[in-house]
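*Asks:* Sequence positions in the sequence shown follow my numbering and run 7 to 545.
For the record, the hints were derived by calculation from the structure and aren't laboratory data.
Be aware that a few hints might be false.
Here are the computed lysine-lysine pairs in the BS3-like style, where the Cα-Cα straight-line distance is at most 30 angstroms [stated by the list, open to error]:
#1 Lys131 with Lys515
#2 Lys76 with Lys104
#3 Lys448 with Lys152
#4 Lys46 with Lys76
#5 Lys152 with Lys104
#6 Lys152 with Lys131
#7 Lys46 with Lys111
#8 Lys515 with Lys152
#9 Lys76 with Lys111
#10 Lys448 with Lys515
#11 Lys25 with Lys42
#12 Lys448 with Lys465
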Amino acid sequence: RPELGGDQSMALSALTSLKEAGMLLHARDVCARLAKPVVKQLPATRAFIITCDRPFAVERLLESMLRAGKLSQHNALFLIDDSREPANRAANRELVEKFNLQSAKDMLYFGEDAQEALLSRLIEKLPAHSLGIRFLLDRAVWGGHKTYGRSRTLCLLLSVGFRALVMDDDIICQAMLPPMIEEGIGIGSGSMRKAAFYQSEEALAQSSRPADIEPLSGHASLLGSSFSQALQTTNSGPLRESQLLNVNAALANILLPESPVIVTQCGSLGDPGTDGCHWGFFQSEDSLGRLAAAPHGITAALENRLSWLGSTRPNFYKMAFMSQLTGLDNSSLLPPYFPAFRGEDALFGAMLISVQRNSLALEYPWCVPHRPVDDRSSSVRSLIPTHGSINLFARYLTNNINYLDGTSPEYNLNCIANDALRLSLRPDSSLLMDFRAELAGKQADQLATLQRQSSLCEKFQSAEMQEYFQRNIAELQRVLGVAQTPARSDGALNLTEDEALIQFRNAAKGFSAGLAGWVDMRRVAPDLVEAMIRSNQLR
Numbered sequence: 007r008p009e010l011g012g013d014q015s016m017a018l019s020a021l022t023s024l025k026e027a028g029m030l031l032h033a034r035d036v037c038a039r040l041a042k043p044v045v046k047q048l049p050a051t052r053a054f055i056i057t058c059d060r061p062f063a064v065e066r067l068l069e070s071m072l073r074a075g076k077l078s079q080h081n082a083l084f085l086i087d088d089s090r091e092p093a094n095r096a097a098n099r100e101l102v103e104k105f106n107l108q109s110a111k112d113m114l115y116f117g118e119d120a121q122e123a124l125l126s127r128l129i130e131k132l133p134a135h136s137l138g139i140r141f142l143l144d145r146a147v148w149g150g151h152k153t154y155g156r157s158r159t160l161c162l163l164l165s166v167g168f169r170a171l172v173m174d175d176d177i178i179c180q181a182m183l184p185p186m187i188e189e190g191i192g193i194g195s196g197s198m199r200k201a202a203f204y205q206s207e208e209a210l211a212q213s214s215r216p217a218d219i220e221p222l223s224g225h226a227s228l229l230g231s232s233f234s235q236a237l238q239t240t241n242s243g244p245l246r247e248s249q250l251l252n253v254n255a256a257l258a259n260i261l262l263p264e265s266p267v268i269v270t271q272c273g274s275l276g277d278p279g280t281d282g283c284h285w286g287f288f289q290s291e292d293s294l295g296r297l298a299a300a301p302h303g304i305t306a307a308l309e310n311r312l313s314w315l316g317s318t319r320p321n322f323y324k325m326a327f328m329s330q331l332t333g334l335d336n337s338s339l340l341p342p343y344f345p346a347f348r349g350e351d352a353l354f355g356a357m358l359i360s361v362q363r364n365s366l367a368l369e370y371p372w373c374v375p376h377r378p379v380d381d382r383s384s385s386v387r388s389l390i391p392t393h394g395s396i397n398l399f400a401r402y403l404t405n406n407i408n409y410l411d412g413t414s415p416e417y418n419l420n421c422i423a424n425d426a427l428r429l430s431l432r433p434d435s436s437l438l439m440d441f442r443a444e445l446a447g448k449q450a451d452q453l454a455t456l457q458r459q460s461s462l463c464e465k466f467q468s469a470e471m472q473e474y475f476q477r478n479i480a481e482l483q484r485v486l487g488v489a490q491t492p493a494r495s496d497g498a499l500n501l502t503e504d505e506a507l508i509q510f511r512n513a514a515k516g517f518s519a520g521l522a523g524w525v526d527m528r529r530v531a532p533d534l535v536e537a538m539i540r541s542n543q544l545r
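Start from the sequences and build out the full structure, keeping to the hints where you can.
*Replies:* Given below as structure tokens:
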């Protein structure tokens, strides 16, 4: 602290007073607390592929699953088909049929007919929740919008009581080692992830080494276990005091040995799975150094989408995010996904930690190849300021969590439902104020991060990097001085401000209804799903 003038004795005296008052958290106490053994019995797994109009990707993934093997260990395999084109639905059905001729475990096809049947039966069982059920599961509610979250919610309803392993259709079911490996474990935030950049497919392939695991089994190994159990396994022994260096004290204070590893994640090799190119400028210092030193230049390194993004050691996070292969312990109460629009992964992570406040996410130190078949080209020159999305509700939720509350997951979920309903009933003027305040807060956070990253990158002496930061800092500063409108939000394009507010109200009411009925939906879903499986309706 500059105001101490280098007087260490004054600082030591102040810290000693805090220690004597019991106001300091000791690393040894955290280690002792987390060393208490808590062993959990892990439920069976169900594996899912989610797809939409990409039969070529499905075929490639199914072939890699057959090569990987060990499919019979799962209770069930499902293909969730959200395809719009009848020809693609037919192709996916044929691919599942062909897969089942070769697989030790049959895959169940959950297409349009089965989805309609489940929707109808849920409404029949729970007529009081029909609005919420349709909001979460009825594709007709969403018109032409892409329903990324709807398919994931279906996975949750098909796996209540199980651990779910959810695959994007454009991955390859093979575990690969990261280009660099570190010892020990990490505890903290997503900033512990790292990245590397490749000039060509050949360079990426040369850097890749297969891991000695099958990825579905790898995810299942610690999914649902207790934190103490996962620590002992990943750390090859108890947590050491030195491993808490730089760990956020507020986080260390709320970690419990029984905290469940409710989500597991892994890295990506190839396409990073992010929206746009900006992600590369928000990495750790060593990753930024690799970006600055990329032989093909920073722009090409980000725009060619040939990279590795993931963890170099087992990393434990409080906030989960979605990888291309994600494990979810669905024997616990998990919230549904928002059915449509981008950002459903961020909102799910925020809702999950709001509902299951003791839970943790674990990212394994391996990755899976991610090879999209659609065009994902984007430009580094695009501007960064956000104009609002369902991410704003995620930010609102995480800013209002009290991790010391002893409330139940059901109570916490109901609070989120009530919050959504409350927001939908606010007058237009208040809604606009809420929107602008949350968006300004988000943009201010972005600005602070940009300024911090810009300072971090000065040592690389890269004119391209500095131009990027200067341009986006200037744009964010400009945007912060302008009144924003929800008409520019994700999903509200081509709407007037009044129409955007109406859309928001309808979405908030529908999502509130879906959350309010979610516990009952989870209660009746297992019997409905088992009846569909027994009837061979999914074959």
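*Asks:* Of the hints given before, which are not true for this structure?
*Replies:* none
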